[in-house]
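Chains H and D supply the protein sequences, listed in that same order. Take the position in the first sequence, starting the count at 1, then add 2; the result is the number in my numbering. Take the position in the second sequence, starting the count at 1, then add 3; the result is the number in my numbering.
Calculated from the structure, these hints are not laboratory results. Do not rely on the hints blindly, as some may be mistaken.
Said to hold, decoys possible - With a Cα cut of at most 30 Å, we get these calculated DSS-like pairs of lysine-lysine:
no.	chain 1	residue 1	chain 2	residue 2
1	H	K191	D	K137
2	D	K253	D	K137
3	D	K137	D	K55
4	D	K400	H	K147
5	D	K54	D	K444
6	D	K56	D	K290
To be verified - Pairwise CB distance ranges (calculated):
no.	chain 1	residue 1	chain 2	residue 2	range
7	H	P320	D	L183	23 to 33 Å
8	H	I8	D	A352	50 to 60 Å
9	D	V427	H	Y284	24 to 34 Å
10	H	I308	D	P307	48 to 58 Å
11	H	R224	D	V427	46 to 56 Å
12	D	V427	H	I8	42 to 52 Å
Nothing here was measured: the structure is a model prediction, and the numbers come from that model. Glycine residues also receive a C-beta, built at the ideal position from the N, C-alpha and C atoms.
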Amino acid sequence: MTLEIIGISVLWLFLFLYVIVASIDFGAGFFNAYSAFTNKQHILTGIIQRYLSPVWEVTNVFFVFFFVGIIGFFPQTAFYYGTTLLVPASIALVLLAIRGSYYAFATYGAKINHRGYIYMYGLSGLLLPAALSPVLAMSEGGFIKLDDGSPYLDYWTLFTSPLMWSIVVLSLTAVLYISAVFLTWYANKAGDEKATDLMRKYALVWAGPAIITATGIIFELRGHNPEHYARILDLWWVFAISFLLFVGTVYLVWKRRNYGLAFILLVGQFFTAFFAYGASHYPHLLYPYLTIYDSFTNEAMAIALIVAFIAGLGLLLPSLYLLFRLFLFDKDYVKGKSDYHA
Amino acid sequence: MLKGDRKLGIEDSAFLSRILTLLTLSFHIIYATIGVGVPLMIMIAQWVGIKKKDDHYILLARRWARGFVITVAVGVVTGTAIGLQLSLLWPNFMQLAGNVIALPLFMEVFAFFFEAIFLGIYLYTWDRFEDQRKHLLLLIPVALGAAMSSVFITIVNSFMNAPQGFEVLNGELVNISPLLAMFSPAVPTKVAHVMATAFMTSAFLLASIAALRMLRGSDHVYHKKALFLTMKLGLVFSVATALIGDFSGKYLAEYQPEKLAAAEWHFETEEEARLILFGVLDGEDVKYAIEIPYALSILAHGTPDSEVIGLEEFPEDEIPPLWIHYLFDTMVTIGMWLAFLSFVYVVAAWRNWSFARTKLFRWLLLLSGPLALVAIEAGWWFTEVGRQPWILRGYMKTSEAATTSGQVDLMIILFAGLYFILGVGTIVVLTRMYRRNPVEKELAAREADKGGDRQ
Ligand code: HDD
Ligand code: HEM
Ligand code: HEM
């Protein structure tokens, strides 16, 4: 393995973790809003808040890790993506900021339960993946162009691109599907039957759209970026495994069996698809300008970063384990029997 | 190297990028300072409470922790904004810096992780342990994580002021040494000063809250204990701040003499240099200023007869704006004043002098927190503006570093709106939170169910 590949794998892994934890977070907000809208709010709010409250900051750090890490390992990306993403990334930042801080304001501070607020919070959970996911489309090339040596984003081409829109739709369905499966499991652990049933229903509803849109992207790519498409076909068997894992999840949820395993299979499904997609994108960071090789940092820095990363993990993994043991796997906490908030 | 062609558009977007950076950093730094300092204050209060078996201090820690969650949340989201904005607004700088100074930025993220994880645990395990000391232990990683994140980011900022750890060969960076870049000569004074000021500011901010409650007529011993504790801490850290600030001046004299000279309106290199306080500038003539003989030589090198380099030795276009003089004066004046104020209060409280209980004196105490924040802002503006025209001193100019995007102006409006909402939100939520659950009520409730004192 070269340093470049270690670097991109680490970043891709953290992006994947962000996708999973953020999807749970974004989707939870949406389901909460939707159930408020249909007057079923009391069923979900407790479950959702109990999971989100201690972990939302951690979710955010995964995102920070990714964008700090990519500048560290691949400084050239700052030039292309930094310049062109000013507007979309700023919009995403504003949404993230309002969402994060108002979650804290509402749940720790002022105990706001106003409907308008709940709707806004839910809506922001959908707008965010919609604002973040176009970056994946941009990396396929054709949207970032050069003008006299400085890159710019061709908004018209981007907004009329079926590829961009299908990635946006995929991000939405995936968010809702991931979140629903997770919350089914969490609600079941909490012994809350009503919430489990409701979330199970949502999980089944969103399973179909999620897999259809995911497949759709592969076909969109055929027209947009044939080179990438061909590489995806080479990896068809990984996508097949991913599909089997998907079937497994749906089966278990359908049969109301072992929701924990169902969620693990779901993580496996996204993990395989995400890494196969990433591998087929290799070596490009941005078609056709940037590859992981020509944008890579110097060797001294790369080694320093990897050493720091390993040391960091040594610190992080036990801490995360403690967090999960106390809040995700602690029966009393999950069931809401113990409230020890400051 | 990296000579940017001076197109009009680039100058414009550089200026606008500066405005947006100024806006975001000035806002983030308020919350970041609280984020670094307050965990230590909570820790001390909780520790005193456990030691003295005094419920008041435990409650103090708990109530501070509740407010802290709100400020951390805003600190996190504004930090995320500035973190991403660095790449969005200064892509050329980040491309270059990424090669040399990415290591501390990367390590900072682990500090965030550490802090975020344990903060979640700390907040949701109040009274979960039989032994309070175990709970206190959980706060240590929070305080450590916050402190380390400020250390790492300050290391990055030090690098911008005193870059080292690389060589430039035909416009390429070679021989890069990440560790050498991390430990630039600016690090010791900068890191120490930033930490001391964060602790000092947090102590005074918390003292302000107690002073406010007393001004509003509360006579509860809880507030007296809070005020006495925070003022003692304020005294310790403001004295430390002034001492370390003096070392910062010596650092500047050695490595960034143009910044010191601009701050002091020191035009000609001379020995036995006088220090100029306040005043206005008329060409090169200083008017209405207070002059302290030898003081600048002492600040710069520690002896009254040493030589201090003046602005005449630098090319016209590499001299920082001269108005940083006022920023420096503001910071130093506030620092001296707060050290004095807290000293007077601590002595008065100890000797039980009655003037410390007057309305006027409590007003002064109330103002101490906001003043400390003003000093923090003045200090950062001073270092950052004082580095101009460089973004990376000696290597890259700010104007060469900026984005070429034409939409920065719109983003300024967008983020100004965001910070307005967040700022107002913080104030509204914090006041509502404490108003709804005043300490008297909470103390009474705790009295009522002694034994299990969760709410
Ligand atoms: C509560 C805030 C506060 C207070 C009371 C002071 N400072 Fe300060 N100062 C800061 C907050 C600050 C800061 C915000 O933390 C800065 C900005 C960047 C940095 O490294 O620290 C700073 C920078 C800074 C610098 C520039 C360092 C550089 O550019 O590398 C000097 C020379 C001083 N300070 C000196 C002093 C002195 C002599 C003080 C006398 C009491 C003083 N400061 C009080
Ligand atoms: C990687 C780190 C940093 C980068 C790339 C950076 C870059 C910049 C740039 C280019 C400016 C504009 C200069 C100007 O307008 O005069 C600026 C200003 C400023 N920075 Fe830094 N900076 C960094 C670190 C910090 C840190 C850690 C702080 C502390 C909070 C800080 C505080 C400020 C402030 C308050 C200003 C506004 C002053 C002004 O108007 O110039 N900066 N920064
Ligand atoms: C260029 C300057 C800066 C950048 C790029 C930056 C970046 C960030 C980021 C990305 C976060 C969010 C982390 C998360 O998701 O948890 C954050 C939060 C934080 N930052 Fe900053 N920061 C800067 C300046 C500073 C300075 C000067 C300090 C300390 C003096 C500081 C202290 C903190 C702390 C303690 C937090 C945690 C949140 C809190 O406790 O309030 N930062 N910063």
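Hint check results:
1. The hinted pair formed by K191(H) and K137(D) meets the criterion: a straight-line CA distance of about 28 Å does not exceed 30 Å.
2. Restraint check for K253(D) and K137(D): the C-alpha separation of about 43 Å exceeds 30 Å, so the hint is violated.
3. Our distance criterion of 30 Å between C-alpha atoms is met by K137(D) and K55(D), whose separation comes to about 17 Å.
4. A hinted pair counts as satisfied when its Cα atoms are at most 30 Å apart, and K400(D) with K147(H) qualifies at roughly 26 Å.
5. Between K54(D) and K444(D) the CA atoms are separated by roughly 24 Å; this keeps the pair inside 30 Å, and the hint holds.
6. Pair hint K56(D) plus K290(D) does not hold up; C-alpha atoms about 58 Å apart against a cutoff of 30 Å.
7. Checked against the hint of 23 to 33 Å, the C-beta distance between P320(H) and L183(D) comes to roughly 31 Å, which is consistent with it.
8. Range check, I8(H) to A352(D): Cβ separation about 59 Å, and the 50 to 60 Å hint holds.
9. Checked against the hint of 24 to 34 Å, the pair V427(D) and Y284(H) fails, with Cβ atoms roughly 47 Å apart.
10. Against the hinted window of 48 to 58 Å, the Cβ-Cβ separation of I308(H) and P307(D) comes to about 51 Å, which satisfies the hint.
11. Checking the proposed 46 to 56 Å range against R224(H) and V427(D) shows it holds: the Cβ atoms sit about 50 Å from each other.
12. Checked against the given bound of 42 to 52 Å, the beta carbons of V427(D) and I8(H), roughly 45 Å apart, stay inside it.
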